[in-house]
Amino acid sequence: DGGITQSPKYLFRKEGQNVTLSCEQNLNHDAMYWYRQDPGQGLRLIYYSQIVNDFQKGDIAEGYSVSREKKESFPLTVTSAQKNPTAFYLCASSMDPSSGGAGGYEQYFGPGTRLTVT
Amino acid sequence: QKEVEQDPGPLSVPEGAIVSLNCTYSNSAFQYFMWYRQYSRKGPELLMYTYSSGNKEDGRFTAQVDKSSKYISLFIRDSQPSDSATYLCAVNTSTGNQFYFGTGTSLTVIP
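As given, the protein sequences belong to chains S and P, one line each in that order.
Sequential numbering from 258 applies to the first sequence in my numbering.
Sequential numbering from 906 applies to the second sequence in my numbering.
Keep in mind the hints are simulated off the structure, nothing from the lab.
Take the hints with a grain of salt, since some may be wrong.
[Said to hold, decoys possible] Calculated pairs, DSS-like style, for lysine-lysine (alpha carbon to alpha carbon, straight line, at most 27 Å): (1) S:K271 / P:K947; (2) S:K328 / P:K947; (3) P:K907 / S:K314; (4) S:K266 / P:K907; (5) S:K327 / P:K947; (6) S:K340 / P:K907; (7) S:K314 / P:K947; (8) S:K340 / P:K947.
[Unchecked claim] A short list of chain P residues far from chain S (calculated; beta carbon distances all over 10 Å): (9) D912; (10) N927; (11) S958; (12) E962; (13) D963; (14) G1009.
The beta-carbon is built from N, C-alpha and C at its ideal position, and this holds for glycine as well.
Chain S with its partners taken away, still in its complex shape (with noise of 0.2 Å):
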């Protein structure tokens, strides 16, 4: 089955720590997305890429960092400078709006991480 795959579901860390998300994808799609969803906020995009190897800055993306060696995996770290990073976690792709191509450009989500740090 194509998908998005995010490990772990629930995430305990101490702060001060260094955490990393993993976020996979089968759907042969270019474009990866992290995205923060706190309550009453909506969703919020940390960084993104269109390709392997670049990744763009979102709108909060102080205190993370991201990385795109291979086309399938997007894993996300949070760093100890995250003031706030308890929250929950979504992994996106997407076929790559800016290439041009004919296809719906819609947005699949991966089941989430719950991270929590104490």
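With the hints as your guide, set chain P onto chain S.
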């Protein structure tokens, strides 16, 4: 001004009712319009997407886009308790790198 505005609700309706969920957007360049359903503690699930103006129907769900007024709607007919969730609208241009989301409307369908 936000790219997409959505009434957060909450919205509570009896089973069998017709539900209307709405969003407005600011940029006339947006051409792709999506609706997602999100159950508590789960990732958003794509329900429908439409390109440009018009209606699209899928079972009990109808998505409607009015580009002249920059208004998008999702109608749910014969609503069921299993429809209870948060509904998110999203927009994108045909070449844009970012998707813009509404904050979501919480819907409860009462048996």
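Okay, the hints, checked on the actual structure:
1. With a CA separation close to 24 Å, the supplied pair K271 of chain S and K947 of chain P stays within the 27 Å bound.
2. With a CA separation close to 24 Å, the supplied pair K328 of chain S and K947 of chain P stays within the 27 Å bound.
3. For the suggested pair K907 of chain P and K314 of chain S, the alpha carbons sit about 19 Å apart, so the restraint of at most 27 Å is met.
4. Under the criterion of a C-alpha separation no larger than 27 Å, the hint pairing K266 of chain S with K907 of chain P is inconsistent with the structure, at around 31 Å.
5. Proximity of K327 of chain S to K947 of chain P is assessed by CA-CA distance (about 26 Å); at most 27 Å being required, the pair is judged to hold.
6. At roughly 24 Å between alpha-carbon atoms, K340 of chain S and K907 of chain P fall within 27 Å of each other, so this suggested pair holds.
7. Restraint check: the Cα-Cα separation between K314 of chain S and K947 of chain P comes to about 25 Å, which is no more than 27 Å; the hinted pair holds.
8. For the proposed pair K340 of chain S and K947 of chain P, the alpha carbon gap of about 24 Å is at most 27 Å, so the pair holds.
9. Distance check for D912 of chain P against chain S: the nearest CB is about 12 Å away, which clears 10 Å, and the non-interface claim stands.
10. Separation of N927 of chain P from chain S is adequate, the least Cβ-Cβ distance of about 15 Å exceeding the 10 Å criterion.
11. Even its closest Cβ contact with chain S, about 16 Å, leaves S958 of chain P beyond 10 Å, as expected for a residue assigned away from the interface.
12. Distance to chain S confirms E962 of chain P as a non-interface residue, since its nearest Cβ pair spans about 17 Å, more than 10 Å.
13. For D963 of chain P, the condition that its CB be more than 10 Å from all CB atoms of chain S holds, with the nearest at approximately 13 Å.
14. Against the 10 Å criterion, G1009 of chain P falls within the reach of chain S, whose nearest CB is about 6 Å from its own CB.
Hint violations for this structure: numbers 4 and 14, all remaining hints satisfied.
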